[in-house]
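Trainee: So the protein lines, in turn, are chains A and B. Using the working numbering, you'd call the opening residue of the first sequence number 426 and step up by one each time. Using the working numbering, you'd call the opening residue of the second sequence number 323 and step up by one each time.
Bear in mind the hints are in silico, worked out from the structure with no lab data behind them. This one's a predicted model, so the numbers in the text were calculated from it and none came from an experiment. A virtual CB, placed ideally from N, CA and C, is assigned to each residue, including glycine. Any given hint could turn out to be false.
DMTMM-like, lysine to aspartate or glutamate: derived pairs with alpha carbons at most 25 Å apart [said to hold, decoys possible]:
no., chain 1, residue 1, chain 2, residue 2
1, B, Lys631, B, Glu602
2, B, Lys580, B, Glu552
3, B, Lys498, A, Glu489
4, B, Lys498, A, Glu481
5, B, Lys364, A, Glu536
6, B, Lys430, B, Glu416
7, A, Lys499, A, Asp535
8, B, Lys430, B, Asp385
9, B, Lys580, B, Asp521
10, A, Lys514, A, Asp535
11, B, Lys498, A, Glu536
12, A, Lys499, A, Glu536
13, B, Lys364, A, Asp535
14, B, Lys631, B, Glu433
15, B, Lys631, A, Glu536
16, A, Lys514, B, Glu602
17, B, Lys580, B, Glu416
18, B, Lys430, B, Glu552
19, B, Lys430, B, Asp474
20, A, Lys514, B, Asp643
21, B, Lys631, B, Asp619
22, B, Lys364, A, Glu498
23, B, Lys631, B, Asp474
24, B, Lys430, B, Asp623
25, B, Lys430, B, Asp413
26, A, Lys514, A, Glu498
27, B, Lys580, B, Asp643
28, A, Lys514, A, Glu489
29, A, Lys499, B, Asp643
30, A, Lys514, A, Glu481
Computed footprint of chain B on chain A, listed as stretches where at least three residues anywhere in the stretch have a Cβ under 8 Å from a Cβ of chain B [as the list claims (entries may be wrong)]:
no., segment
31, 505-511
32, 518-526
Sample of chain B residues at the chain A side, in silico, Cβ under 7 Å [to be verified]:
no., residue
33, Leu368
34, Gly399
35, Arg401
36, Phe459
37, Arg462
38, Pro501
39, Met534
40, Asp643
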Amino acid sequence: MKRRWLLVCCLGVTACLVRSAIAQEQERSGKGSAVVTAAGAATVNSNSSHDRRSPEALRSSASEQRAARIAGEKLFRANCGRCHQPPHKFPPRVMAMAIRHMRVRAMLTDEDMRSILSYMTQ
Amino acid sequence: MNRTGPFLTRRGCLRALLWPAALLLLLAPGAYAQAPSDEDVKPVPLLTGSAGFITNFTGGQPDLHPIGTPLVLVPIGHRWVFETRATFENDLVEVPGRSGFHGGPLQKEVEYAQLDFLATSYATITVGRFLTPFGIFNERLYPVWIRNLQSDPLILPIGIGPSNASTGGMIRGGFKARPQLNINYAVYFSALSTASPVDSDRFAGVRTGIFMPTARLEVGGSFQHLLEQERSNLFGFHAIWQPAPLPLDIRAEYANSKRGSGYWIEPAYRLSQLRFLQNEMRRMQLVARYQQFFTGDLISDALPPINTKECEFGLNYYFIDGLKASGNYGRQFSGRGNLNIWTMAFTYRFVVPLGPAGSAR
Chain A
426 MKRRWLLVCC LGVTACLVRS AIAQEQERSG KGSAVVTAAG AATVNSNSSH DRRSPEALRS
486 SASEQRAARI AGEKLFRANC GRCHQPPHKF PPRVMAMAIR HMRVRAMLTD EDMRSILSYM
546 TQ
Chain B
323 MNRTGPFLTR RGCLRALLWP AALLLLLAPG AYAQAPSDED VKPVPLLTGS AGFITNFTGG
383 QPDLHPIGTP LVLVPIGHRW VFETRATFEN DLVEVPGRSG FHGGPLQKEV EYAQLDFLAT
443 SYATITVGRF LTPFGIFNER LYPVWIRNLQ SDPLILPIGI GPSNASTGGM IRGGFKARPQ
503 LNINYAVYFS ALSTASPVDS DRFAGVRTGI FMPTARLEVG GSFQHLLEQE RSNLFGFHAI
563 WQPAPLPLDI RAEYANSKRG SGYWIEPAYR LSQLRFLQNE MRRMQLVARY QQFFTGDLIS
623 DALPPINTKE CEFGLNYYFI DGLKASGNYG RQFSGRGNLN IWTMAFTYRF VVPLGPAGSA
683 R
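Next comes chain B alone, as it looks inside the complex:
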C-alpha cells in the first residue's frame, strides 16, 4: 500500500470510524432506555479556550510566541457532545539585518474535532479526531492556562502521534471499584492519515489509571502498539499526588519507545500557607521540573537527537481566575552544549456562553 502521498488512507480511516460508530448505534437505544436525563440543568453551547503571549529566550535567542486556542463545546440532546479545538499561533524571531521581530504566516490547526456519546455512566464513545490519551500531559495538562511551566516536556512527542492527535475511535470512562478506589480507562484506535496538519499514525492503545481519593494519589500506565513502520510497542507511566496537608502538586511521567525514553517530575507549591502578605502569597506558586531524555534505536524529528537533561524553576502569579503570569528559568545539559532557557508568559482562560446561561431549564 502506498503510504507516502499526502492523503488519508480511505479504508483504514473508514474502518477506524465505522467500528466505534457501529458500537455507538448499537448502544444508543439501550442507553436511552436504561437511563433518564443526565443532568438537572440543561447545558448551553460554549466558546471557551485560552490565549497567551509567551516569550522565550533559548540560548540568548529571543522568540515571541502569541497563541490562541479556542474550544467550542456543543451539547446535543442529553447524551451527546461535539467538541473541537483549534490553535492559532505564530513564532516571531529577530531576523539579521532587519529591526524588530518577524514571523511567517499565522499557523492554524484544528487540533481535534470529536463527537462524544455518553453511552452509560461508565463509558463514553468518541469518534473523530481526538487528543491521543498517552500519558497525562497531552490530554490533561497541555493548554497554556493549565500547565505550570510553559515549555513542553522533552518526552511529550512519545506516543501521541505526529500532530498530538489520533483519527479514529475511542471508548473511555471511569468507575468506582471500591468506595476509596476509582479506576479510569481509555481504549483507542487510530488510522493512518498523512494529510498535514491533521496527520496521525496507525496505532491502537490503552491508558488506565487508579485514583485513591483519600491519599489523593493517581497512578497509571499507558500502552500503545504501532501498526505501521517498525510495529513497535510503546509504554509509559504517570503519577499525580496532592498530599492533603500541603498545597502541593507533584506530577511525574515516564515514557519509553524505540525512538527514545525519558521522564519528568514536577512539584508545584502554592504559597497560601505563608503567614505574611497572605493576599499576595496565596496567588503565587513555585514550580520546579527535572527531566531527562535518552535516545533510542531509531531517530525522530520531534525528539532531541542526543541524550538531554533539563531542570527548570518558575513562579506563577494568578491575578484573577483564568489570568496568570509566569516566569521561569531552565538550564539544558546535552552533548551539543549547555544552554539557558528563560520564559515569560501571560495566559488567559476565557468562557463565553453561546446562549442564555442563567436558568436551570
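This is chain A alone, in the form it adopts within the complex:
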C-alpha cells in the first residue's frame, strides 16, 4: 500500500515537472515571437516615438533607470550577499517568488524587495 502511494506521489511530481518544463518552453517561444514582433514594431515606429519625447526627457529617463539599477545592485549585494553567493538571474516569476521568500527570511522591507526584484529581472 505504502509503495503504491509512493509510486503515485513520484508520478505526480514527475507530471508536475514535465508540465512546468513544457509551460516554460511555450512561454519562452511565445516570448521570443513577442520580442520579434515588438522589435519589428519598434523599428517601424522608432522615428515617430523618438520624436514625441525631447532629448532632455530621454536623457533624464535613462539616468533614472541607471540610478535605479545601481541602487538595486547595491541593495542586492548588501542584503543577499551577507549570507550567500549571488545567484544567476532567474526568469522574472521565479525571481519574484524567491524575493518574496527572502523578504520573509532576510527581513527585507517592501521598498528594498521591489528594488532588488527590479534589478534582478532587468
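Got chain A sorted already, so can you dock chain B onto it with the hints?
Mentor: Leaving out everything else, chain B in the frame of chain A:
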C-alpha cells in the same frame, strides 16, 4: 501537567497558533486596504533546495552523508506565502566484519512548514512550524549550499530547540531607522511538542539586528526565555562584516545558556583579487573558523560534554552557480583527546519553477 508522553500539548499549541492567527485576521483587511499589490511580477510556485554528498573523517572514522533538502514555496495571492522544507539524509558508516558502508533507514524530517502573511511593509506574521530565529546560523546559514564549512558550529544547538524549529507564531520584519541604518527584528513564541521528529520546547524570544549598509556591518542580539524545565534565560550576539575593498566575509556568533556557552568566528576570503589564473581564482574561497565551547551548569545531549576548542581551514570551489566543492581540515582539542576532522563535500542548489516562469503577468 504530564509532559513526558510523545504528544503535542494541545492547549499550549492551540494558544501558540491562535494568537498569531487572530492577529493575522485582524490585520489582514487593513493591510489589503492600505497597500496595493506587492510586486509588479506575479510569482510562481517553486521547488528549490539543495542536495549534497558529504564525506567526514572524524578521528580516522569515515562517514558518508548524502543529504537532500527540498524546499517548496507557494505564493497565495499578493500577501501570503506557504513554505515548507524537508530533509532526507542518511549516515553510512563502516561496520566491523562487513565490507563497504552501511546505514540505517533513510531519515526523513519536515524541518518547517509555515504560513507567512506579509501584513505591512515592515511586518510579516508567521504561523506553523518555523526555524527558531536564535543567532544567525540556524535560520540563515544552515543549508549546505550556503554554509562555508560543512560542519556545524559547536554552539548551534543553543537556543534553537530540540529539532531546530519552533511550533507557534512569530512576527518579524525590517525597517529603515535612518537612511544608513536598517533594523530587523523577530519576536516569537513556541509551544511544547514532544512528538518526534517535530518536537519543540516551550519558549518565547526575540532577535534583533542593526545593519549599516555603508560599513556593510550587521550586529545583533538574541534573547530567549525558556517557559519549561529550568525556566532559564538564553542570550547571544552575532555579527557579519563585509569590508568594502575586499572580497572578505567575517561572521561571528556568541551564545550563552545554562547548558553551555561559546562562540565561533569565521572569515572567508574569495581569491578574486589575485592577478594570476583569474578564471580559476575568482571561483575559489579560503575559509577558516575558530570556535570554543564551555560547558554549563546543566548537561545537554546535543552539546559537547566537556570544554572543547576547534579550528578549521577549508577551500571552496564554485563550479557554476549553485554547484560547489568543499574540502576542509579541522583539529578538535578537548579533555577526551584531540582529533582530526577531514571533510569533503559536493553541494548543489536547485530551482525548479512549478508553472510558467517567464512572463511578467
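Trainee: Give a verdict on every hint.
Mentor: Hint check results:
| no. | hint | verdict |
| --- | --- | --- |
| 1 | Lys631(B) to Glu602(B) | 33 Å, violated |
| 2 | Lys580(B) to Glu552(B) | 9 Å, holds |
| 3 | Lys498(B) to Glu489(A) | 22 Å, holds |
| 4 | Lys498(B) to Glu481(A) | 33 Å, violated |
| 5 | Lys364(B) to Glu536(A) | 17 Å, holds |
| 6 | Lys430(B) to Glu416(B) | 22 Å, holds |
| 7 | Lys499(A) to Asp535(A) | 16 Å, holds |
| 8 | Lys430(B) to Asp385(B) | 18 Å, holds |
| 9 | Lys580(B) to Asp521(B) | 20 Å, holds |
| 10 | Lys514(A) to Asp535(A) | 20 Å, holds |
| 11 | Lys498(B) to Glu536(A) | 10 Å, holds |
| 12 | Lys499(A) to Glu536(A) | 13 Å, holds |
| 13 | Lys364(B) to Asp535(A) | 15 Å, holds |
| 14 | Lys631(B) to Glu433(B) | 29 Å, violated |
| 15 | Lys631(B) to Glu536(A) | 43 Å, violated |
| 16 | Lys514(A) to Glu602(B) | 22 Å, holds |
| 17 | Lys580(B) to Glu416(B) | 36 Å, violated |
| 18 | Lys430(B) to Glu552(B) | 31 Å, violated |
| 19 | Lys430(B) to Asp474(B) | 19 Å, holds |
| 20 | Lys514(A) to Asp643(B) | 10 Å, holds |
| 21 | Lys631(B) to Asp619(B) | 19 Å, holds |
| 22 | Lys364(B) to Glu498(A) | 21 Å, holds |
| 23 | Lys631(B) to Asp474(B) | 13 Å, holds |
| 24 | Lys430(B) to Asp623(B) | 21 Å, holds |
| 25 | Lys430(B) to Asp413(B) | 12 Å, holds |
| 26 | Lys514(A) to Glu498(A) | 12 Å, holds |
| 27 | Lys580(B) to Asp643(B) | 41 Å, violated |
| 28 | Lys514(A) to Glu489(A) | 22 Å, holds |
| 29 | Lys499(A) to Asp643(B) | 20 Å, holds |
| 30 | Lys514(A) to Glu481(A) | 32 Å, violated |
| 31 | 505-511 | holds (count 5) |
| 32 | 518-526 | holds (count 9) |
| 33 | Leu368 | 5 Å, holds |
| 34 | Gly399 | 11 Å, violated |
| 35 | Arg401 | 9 Å, violated |
| 36 | Phe459 | 10 Å, violated |
| 37 | Arg462 | 5 Å, holds |
| 38 | Pro501 | 12 Å, violated |
| 39 | Met534 | 10 Å, violated |
| 40 | Asp643 | 4 Å, holds |
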